[in-house]
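Chemist: First to last, the sequence lines map onto chains A and B. Using the numbering used here, the letters of the first sequence map in sequence onto residues 1 to 122. Using the numbering used here, the letters of the second sequence map in sequence onto residues 1001 to 1124.
In case anyone wonders, no lab produced these hints; they're calculated from the structure. Check before you lean on any hint, since a few could be wrong.
[To be verified] On the chain A side, residues computed to face chain B include the following (Cβ under 8 Å):
#, residue
1, G28
2, I58
3, S66
4, L102
5, L118
Heads up, the beta-carbon is just placed ideally off N, CA and C, and yes, glycines get one too.
Here is what each chain is made of, one letter per residue.
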Amino acid sequence: MRSAKRSLLVLTGIGVVSGFLSALFGVGGGLVVVPMLVIFMGFNAREATATSLAAIGITALAGVISFAVLEDVDWGAAALVGFPALLGSIAGIQLQHRVTSLMLTRLFAVFVAVVAVLLFFE
Amino acid sequence: MSATTVILALVLGFGAGVLSGMFGVGGGILFVPTLVLVVGLGQLDAQATSLAAIIPVVAFGAWQQHHAGNVRWRIGLILGVLSVLGVYAGASLAIALDEDLLRKLFAVFLLVVAAQLVWSTRRP
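Given only the sequences and the hints, what does the whole structure look like? Please build it.
Modeler: Written out as structure tokens, the structure reads:
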């Protein structure tokens, strides 16, 4: 019982932080959910990633509804990047099993950092 | 939206999906810059639109992972529902902030993501 209460408290914390970041930045929040499920709930990495997808679906839906009520959602643009991304993610998961390496992850990190700088000075 | 923009958005959307599948980071960190830098949306519209684009990607991902038996649904659903509390606060703040400041904050957030990616590769 005590551990169930603790779990609920931990889940509330993870949920609120990830929801906040998700809506603030328009991202899923998996970045927060996955490591926290591993650290605080004892999930293995695979379960944490899979479970975070279920949570993010609800988080993103709530975010879209909030913004659709308060602001504009460009549905055409969402479909334009969302559906090819869906196909891309299938290819990406296949590739992950074959080619992901430390070097590639670091290259990707550099790419993300370059995008960050471009966006900062946009 | 010009034909070039549409094609570029399709290609970059696909690329964002490939990268998110490969590196396990959400599509959002790539959708938002694509929508701002290529499609030309404002930061706030890009973020709202990114959240909409994330839904089909994670829904399909969750369905695939469900078949692999990796999803712990009870925890995932509880977490998702609790996240709504934070979503409201985050959306309100995003709307209240100056858009230029929001974009710069997002850029800083991206740098943190990049650092975390590098950190994740440290291993004996």
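Chemist: Any hints from earlier that this structure breaks? Give me their numbers in increasing order, please.
Modeler: none
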